[in-house]
Amino acid sequence: MQLALVLDPAKCTSCKQCEMACAYENEQTFNPAKSRIRIFDFHEDGRFVPYTCTQCDEAWCQQACPVNAITTDPATGVKLVHDNLCVGCKVCTIACPFGTVNYNAATGKVIKCDLCMGDPACAKACPTGAITYSDVEQAGFDKMRAWAAKTDSGAQAT
Amino acid sequence: MAWTRKVLRINLTSGEITTEPLNMEWAQKYLGQRGLATKYLVEETDPKVDPLSPDNKMIFATGPLTGTCASTGGRYSVITKGPLTGAIACSNSGGYFGPELKFSGYDMVILEGKSPKPVYLSIFDDKVKLRDASHLWGKSVWDTDDAIKAEVQDPLAHVAAIGVSGEKGVLYSCIVNNKHRAAGRSGVGAVMGSKNLKAIVARGSNGVTVEQPQEFFAATDAGKKVLKENAVTGEGLPAFGTQVLMNVINETGAMPTRNCRDVQFEGAHDISAEAMAEPRRSDGKANLSTNQGCFACTIACGRVSTIDPQHYTLQGEGKDQYKHASGGLEYEAAWALGSATGVNDLDALTYAQFLCNEHGLDPISLGATIAAAMDLYEEGVINQDITGGLDLRFGNAKALTEAVELTGTAEGFGVELGLGSARLCAKYGRPDLSMTVKKQEFPAYDPRGIQGMGLTYATSNRGACHLRSYTVSSEVLGIPEKTDPLVTEGKAALVKAFQDATAAVDSAGICVFTTFAWTMEDIAPQVNAACEGNWSVDALMEVGERIWNLERQYNMAAGILGDQDTLPQRLLKEAAKVGPAQGLVNGLDKMLPEYYELRGWSTDGTPTGETISRLGL
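Respectively, the protein sequence lines represent chains L and G.
Everything in the first sequence is counted per the numbering used here, starting at 440 for the first residue and increasing by one.
Everything in the second sequence is counted per the numbering used here, starting at 186 for the first residue and increasing by one.
None of these hints come from the bench; they were simulated from the model.
For clarity, every value in this text was computed on a predicted model and none was experimentally measured.
Beta carbons are placed, not taken as given, at the ideal position from N, Cα and C, and that holds for glycine.
One should not assume that every hint holds.
Derived pair list, reagent style DSS-like, types lysine-lysine, alpha-carbon separation capped at 27 Å [what the hints assert, rightly or not]: (1) L:LYS582 with G:LYS612; (2) L:LYS450 with G:LYS667; (3) G:LYS667 with G:LYS681; (4) L:LYS589 with G:LYS667; (5) G:LYS413 with G:LYS667; (6) L:LYS589 with L:LYS450; (7) G:LYS667 with L:LYS473.
Now the in silico label distances, taken between C-beta atoms and shown as ranges [unchecked claim]: (8) L:THR590 with G:PRO665: 29 to 35 Å; (9) G:ALA416 with L:GLN441: 37 to 43 Å; (10) G:ALA416 with L:THR532: 53 to 59 Å; (11) G:GLU414 with L:ASP558: 22 to 28 Å; (12) G:ILE571 with L:ALA472: 21 to 27 Å; (13) G:GLY573 with L:THR532: 24 to 30 Å; (14) L:VAL526 with G:THR203: 47 to 53 Å; (15) G:SER798 with L:GLY547: 34 to 40 Å; (16) G:ARG578 with L:ASP484: 52 to 58 Å.
According to the in silico footprint, chain G covers these stretches of chain L (three or more CB under 8 Å from chain G) [stated by the list, open to error]: (17) 466-476; (18) 482-493; (19) 524-532; (20) 562-574.
All chains should be modelled from the sequences, with the hints used to inform the complete structure.
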């Protein structure tokens, strides 16, 4: 079973506990500026959206990296940046269509979500279940179920 | 640890910007935020200072838990001498601004003097600058927020700003951060305006660390679990917001209605949380779009709402900014703008709430002042010549929204409304119609129906306020244990305990709403793991009591003495006409002497020498 971060904006309240958990996991300090996951506040639409790397199978960042500093972890599917190889060229940040790999000026390397190597702190910190680490093949299960509950049989439709 | 140990000091007169170490000896005695900043204010200013003069200082202060993962650890307060009351002002806000100050590397920012021209303060770690704000003067909070974010070119920056009301000295203007969260009470916005300071923008790249990380995670995780499993913080507040109280308090017979002529409002259901969730006819949407948490808050009681597109408030030119989701009605606003004025139009109230956020007005004082004006109008004391044509009958929604618009920009009769209810009623010779204590309008609990709240209002250090000792928890909700709201027995001790605990909770940098679920037994381990020193329950309670007495001493030195620990005559003489409290007035005279005694104060309300030395003041 392949696990992935499953993000549900409808459940997000923009509390930023995930950002703090991520920052603490990676930087040992509460510092949302250094979080790999971010909450976007679309207040005027009444929507808050968590967003981070979704670990593409064929990752643009990985293919763009000229020094092969980004590898795939076979167990988790994580695209992992090796700091000892990364030269800070930032080409991956250009290649990524989603903007989820970013340069960290403090270290001269790029940073991205590594799923905490299989135990993501953001999912554990999320108080509402907007971020879960669950079976990627069943990511749509709850949505399907919700729509199924609303679906009537054709015979009754008028 | 937990504290950044650094204070940023801005002299607005000279433009000088300095940093200094946080006084850690004081931090051990006053913890942070409310308590610690009050200590700084007391040490640095004369309590008799004119609140709107350059000699008054204002302090933006965070607590040790601000910017950590402790649930609700995102609060900051603004501490200054308040222009509405002449007492200590301490206005607390959530949103995301406070933590950003801390991430910039400062526990507090002390602002002194007065800038020769309009400026805003930008804080980006150690790059701190006063920048020209001439082009922002006259702009609303919302426009200022947008303009500054564009200027500093940082989407992650957070802004706290005043509106025109603050510039023009509306005595209950607030400081609004993140467009929808406010340091709301006592007129701290007017102090900022008097200093020619339009806004503060902050963005930090430093972190906050804690003393014992493993213990801290264990304590904060345990705390979050308690919040989640509690009926109020885990279900009621996220689903219904503070508005969960509208029907509850109305049924209790403690809903101040039509300037306290009545204690129950027949239109309460129309403006309740339940009504906010009902789909409306025009577009099939409910008033409530979603709930929102402030920084680090796992309760998420904040409301995000829309106005009915067919409602009269959205018709006409220049209304675009109200046509999408925005910060929605909280209970206090719904009561003050609604029940207090007799208006039961949910969309009119939502519009008025948007205006309060846009222009930086405290909806409690604003609504209660309009209610007092309506009382004056109905009594024939003022008329349309004075109100500039406003037909201020109780229940007139259009007059209400127009009055809010006028006060937001301090125009027409809005200038007089901006004085607050005490000064307005005094001006027209009817001080008895002002529902205030120490010139501050009281909030959404009628002390005839909830007796403890009478003592709460009478003794609150910042003028009438529910957030200094929310005995509603005990008297209505049964938290931590149920007491009878209709009796005075035991309320003095209850009020004192709530006051001391709340002062400690505020000073830690967390939200008082946690105390619907948390006791000090839940809070102390979080503070203790974060901070150096020994932070037991007893230690926190003692800090709370010390803070309470320090605020009291400040007020007494400012000339606000025990004779002002009282309530409007209406609540002491005119009995409730209906409901569970029918026939009752507030029994303040039965509670106050006992309260003074429990506090270790003399019979005229002065802290005794023994009390002062016991608390190390």
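Against the structure, the hints:
{"no.": "1", "hint": "L:LYS582 with G:LYS612", "in the structure": "violated, 61 Å"}
{"no.": "2", "hint": "L:LYS450 with G:LYS667", "in the structure": "violated, 34 Å"}
{"no.": "3", "hint": "G:LYS667 with G:LYS681", "in the structure": "holds, 16 Å"}
{"no.": "4", "hint": "L:LYS589 with G:LYS667", "in the structure": "violated, 43 Å"}
{"no.": "5", "hint": "G:LYS413 with G:LYS667", "in the structure": "holds, 21 Å"}
{"no.": "6", "hint": "L:LYS589 with L:LYS450", "in the structure": "holds, 20 Å"}
{"no.": "7", "hint": "G:LYS667 with L:LYS473", "in the structure": "violated, 45 Å"}
{"no.": "8", "hint": "L:THR590 with G:PRO665: 29 to 35 Å", "in the structure": "violated, 47 Å"}
{"no.": "9", "hint": "G:ALA416 with L:GLN441: 37 to 43 Å", "in the structure": "holds, 38 Å"}
{"no.": "10", "hint": "G:ALA416 with L:THR532: 53 to 59 Å", "in the structure": "violated, 47 Å"}
{"no.": "11", "hint": "G:GLU414 with L:ASP558: 22 to 28 Å", "in the structure": "holds, 24 Å"}
{"no.": "12", "hint": "G:ILE571 with L:ALA472: 21 to 27 Å", "in the structure": "violated, 53 Å"}
{"no.": "13", "hint": "G:GLY573 with L:THR532: 24 to 30 Å", "in the structure": "violated, 58 Å"}
{"no.": "14", "hint": "L:VAL526 with G:THR203: 47 to 53 Å", "in the structure": "violated, 41 Å"}
{"no.": "15", "hint": "G:SER798 with L:GLY547: 34 to 40 Å", "in the structure": "violated, 57 Å"}
{"no.": "16", "hint": "G:ARG578 with L:ASP484: 52 to 58 Å", "in the structure": "violated, 37 Å"}
{"no.": "17", "hint": "466-476", "in the structure": "holds (count 8)"}
{"no.": "18", "hint": "482-493", "in the structure": "holds (count 6)"}
{"no.": "19", "hint": "524-532", "in the structure": "violated (count 0)"}
{"no.": "20", "hint": "562-574", "in the structure": "holds (count 3)"}
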